[in-house]
Structures are given as structure tokens and as C-alpha cells.
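Engineer: If you want the building blocks of each chain, they are given just below.
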Amino acid sequence: MSKGVKEKQIGALIRLVVNAGQAKPAPPVGPALGQHRLNLMAFCKDFNARTQNIKPEVPMSVTVIAYKDNTFDFTIKSPSTSYFLKKAAGIQLGASRAAHETAGVVTVKHIYEIAKIKQSDPDCQYMSLEAICKSIMGTARSIGIEVRRTLD
Amino acid sequence: MQSSWKFVRCTSAVSFFCSPLNFLAVSTALTNINAYSHCASSTKHLNPPLRCIAASLHSPLPSSNALSSAFPGSSATSFLANIQATSFFLAEKSDTLNAHSVLSSGSTEIEAASEDRKQGQNFAEERGASMLSVRINVTGDIADSLAESLMCFGASSCSIEEATVDEFQEKESCITVLFAPELDVGECIAWAVDSIGLREMPAYTIEEADDQDWIQKVQDVFRPVEVASGLWIVPRWCVPPDPAAINVMLDPGLAFGTGDHPTTRLCLRWLHQNIKGGEHILDYGTGSGILSITALKIGARKAAGVDIDPMAISSAQANALINNLDSCKLQVFLAASNEDNPPPFERFKFDIVVANILMLPLLQLVERITNYAKPGGRVAVSGIVTDQVDKVVASYSVHLENVHVWEDDGWACVSGTRKV
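If you read the sequences in order, they're chains A and B. If you read the first sequence in our numbering, its first letter stands for residue 1, the second for the next number, and so on. If you read the second sequence in our numbering, its first letter stands for residue 1001, the second for the next number, and so on.
Hints in this document: simulated from the structure, not taken from any laboratory. None of these values were measured; they are calculated from a predicted model. Treat the hints loosely; a few may be bogus.
Said to hold, decoys possible - Once the Cα atoms are required to be at most 25 Å apart in a straight line, the calculated BS3-like pairs of lysine-lysine come out as: (1) LYS116(A) - LYS8(A); (2) LYS1217(B) - LYS8(A); (3) LYS1349(B) - LYS1374(B); (4) LYS77(A) - LYS1391(B); (5) LYS1297(B) - LYS1276(B); (6) LYS8(A) - LYS1391(B); (7) LYS1349(B) - LYS24(A); (8) LYS1391(B) - LYS1374(B); (9) LYS68(A) - LYS1217(B); (10) LYS68(A) - LYS1171(B); (11) LYS1302(B) - LYS1349(B); (12) LYS1217(B) - LYS1276(B); (13) LYS77(A) - LYS116(A).
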């Protein structure tokens, strides 16, 4: 370790969902980050600036690492797989009994496109595209979305 | 028995879908995936599988064009053509944020909040029930999965505090979860705990999150800061460290602009260099009013501020009063975030225009922002990260000359002179 570089102590790990470009110092961002004395305005400005290339109102998962000296880092991930699937199927909510009823339908092409978006996620970069597709289909099954080859 | 299959990768999605032969080959390959979908997939990094009720995320799903074309029965290729153009996910600057425009003219100046009321109180009174805060104690290794799972089942945010070691030498973490007031907390926690396979419910306590608490903590972060030599931004409740310098007293409440963000510093330094005395300033996206008020204190004659957030308007007015600037020195206007009403300012009126917002509004409003400046007037825009500089420079160079880029800590400010 070079001289003068101190390892920062982690205070807390905070997970949030914020709409792209719409971080404000109001709940849920406010209480979640304010409790740890983080600079809310800096986070909102930073997050909004970095999500300018994404449509507003797309919910992004954010993980904030708060250090004990009240500084923080954060990473922005793409929205959840279930969000993409629900949007692709055109539904608002998944099925209430997933194995027994179908809430919506997507095609394999949708799965492919969603996998392409997910591939740029930091967590998925080591996975092959087919592994990501399998994973997405598992999620689809668990929220009651049927996967078909075509829509007719 | 798993048969081997090839996954056909195509370089261009368009060719992939236009060629029927290709599609058939891929679809037969991909149908084999279906057989494996019930295997436990390692979705630790994607969301954990939702076994029963799928929670809808709190943010409402937008009804965009992509949604309607995704209904079964419409052609899948049209939906995918949309995706291929990435309008489903990524924004094209022409169709997203609506431009800000000012409400009808006349007396749109908002009454300043009385100085006794803290901005935080304004905010808390306007909201309804406050959020519920739940603290759950779990062992350290499952805290992460439980937090992810809670997010899927409706929590607004999860915060894992550092692990401590209890008497059994096991790391224990405390997760603080925030829920919206109308949710059934017990049910959400039960689903989350069940979905990660925990046998027993961990102990948890529910309480109402106190709004004043976090608002107060946010305001405590604010300290006096010296942005340029002889120019300090000081919280209203602090004593100025250098009484002889120009001190701008601020109580920003929850509006943006405390002086310590790099973009605010960039704009303040630019103003410090460019104000000679007697100018008429426009501050687009005024927030707490910090840029206008500092400009007035440095020597400008009059300032006008615009913002789309009513809290910013009241904050700016209150701060003007704190600095003994009355309403003829600083006028603030509330803008609507749609294109309807044209603003009440005349064109070519201001000597200096400064706008510290975000890239998308800056690109959408480029004509409006630059048209407010006199020919030969100075314009500065900020709120952009260094990756976004090129787009902004390209867009603003149409109307400005002598374009210069200033950078500080990953943020940038673009300035120029209005073309004659």
C-alpha cells in the first residue's frame, strides 16, 4: 500500500431504485441517504447527469457505498429483469400464482434483446449471452410470463 | 438429455430479424433453452427468482409507445425495431424531456417563505404520511440476498449497516428498510424471507421514519466554503470565517446549490471573472439562488432566476432576503416543464446568462438560453460531466463564439459569447 493512501471504512451499503434523471432530495432517496449524512444534492446531481442518456421514468437500481467519513460512491445498474419482461409483455403486475396462471407472453426475440441490454451490466459481463437468456427465462417463468417462439 | 446447440450470433440485429432462414435456425436453437429454464439458474446477480407474488416496483410503468406495440397480436418485429433503435430504453434527445417554459406572465413572483420557518418544515408539512422504517437483524452472509429480495417485493430502499460480531462470533448485520406508507410490511418481509429460503423470520421492528430527522442531517452537512479568493458561501446559521470577504449567506433547504458541488464552483468562478459591475443576469435553473445572489453581491445590477421546482423559488426568495436583496434586485419565476407558454423575458435582454442544469434540458433549450443573451453577451452552461461536453459544445457553438470549456473534478462548464 503506498504511503498516504488510507483505506476508507465502509459505513453502510444502501440499495435504492430511482427513476432515471429524476433523483430528488425526497423519499425514497432523501431518508435513505440522508440518514447516513451523505451529500444528497451531490448524489442527485451526479445520478441525474449520468442517467441523461436513458429515458426518464425507467427505474434504475443504484447501490451506494457510504463511507464513515460521509463520502460515498455509487454504481448504477440497469433495471430489473422483471421490469423489462413486464414491459415487453405489456403488463403491470406479474401473475399472483406464477406456476398456475399466465400473466403475459413474450417471444424469444424479446428475451434476446433483454439479454443484450443486461450484458452491459457490470454483474453479467462474464456470462455468455445464452446463460443470460436462460436466466431471464427463469425469471419469466417465476412471474408467470410465458415465452413463445412467435406471437401467433 | 441436453443436446448440444449452437447459438447463432449475428453482428447486426436488423439482418438477424430480416432473414427468415437465420431466424428459423436461431429459434430452433433457442427452443432448447426452454427445457433448461426450470433448472436453478444462478440469478444472484440478476434479481432472485420471485416465487409467488411479483412485486411491482414503486415507480409506475410508463405507458410508452413501445408498450402498446408489445401486445400480442401486433407484429413482434415492429416492437423489436423499436428496441433496435433503443427507444425502448435509451433516450433520444428529441423526444424525451419536455422543455421548460415559464407560466403566464404578470405577477408570477412567489411570496417568500417567512424567515422563521425552516425550509425543511415546509417540505414535511406538504407530504402525507411518512415512510415506514424497519430494522431487521440478520447474520452477515445473507444480508445481501435479503436486501435484494426485499427490493423486489416492494421496499423503497435497503441499507445494510456494517457487520458487528455478536457473542457467538457470527457477523450480524442490521438492514434498515424503507417502505411506502401504504404497504403491508409484514407481508413483504415474509415473501422476501421465504424467497431466499430462510427457515425462520428474523426479528424486526417497525417505526415511522421521521422526516425532520433526515432533513436535519442533510442540512448539517453544509459548511462554509471559499469558492474563490475573497468569496465565501456560508450557511445562514454559521458565522462567516472571514468577515472582510464577500460572504453569501445561504439557507438552501432542499433546493440545489450550496457551493460545494464542482458545477456550482465552476459557475461561481466564471461569474467572478466575468462580472465587471452593473450587469443584468439570468440564472436559468436557479435552485437555491446561489448564482444570482452571488452575482448581485459581486456587483451585478439586477438578476432574474427561473426554475421548475416551486421549492427552489421559495428558497431563492428567502435567500435573497437573508442577504438584504429585495425583490427588485432578484426576480424569480416558476417555469412549467412543458412547451406551452413562452417566457416573459424579451430576447436579447441579458448581459450574462448562466444555466447550471443537466445535459438534456440544456440541449433542448439551447435556442432559448442563448437568445436571452444580448449579442456579445456572455453565456455559461454547466451540470454536465466531461463525457457530455462534446454534445453540448457542438450544440452551443451554433449560437456562441469563443467557446471555452472549464473542467473540475469530472464536471465541466461550457462558456461563450453570443454571436452578433
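Engineer: Against the earlier hints, flag every one the structure doesn't satisfy and list their numbers going up.
Structural biologist: Of the numbered hints, 1, 6, 7 and 12 do not hold.
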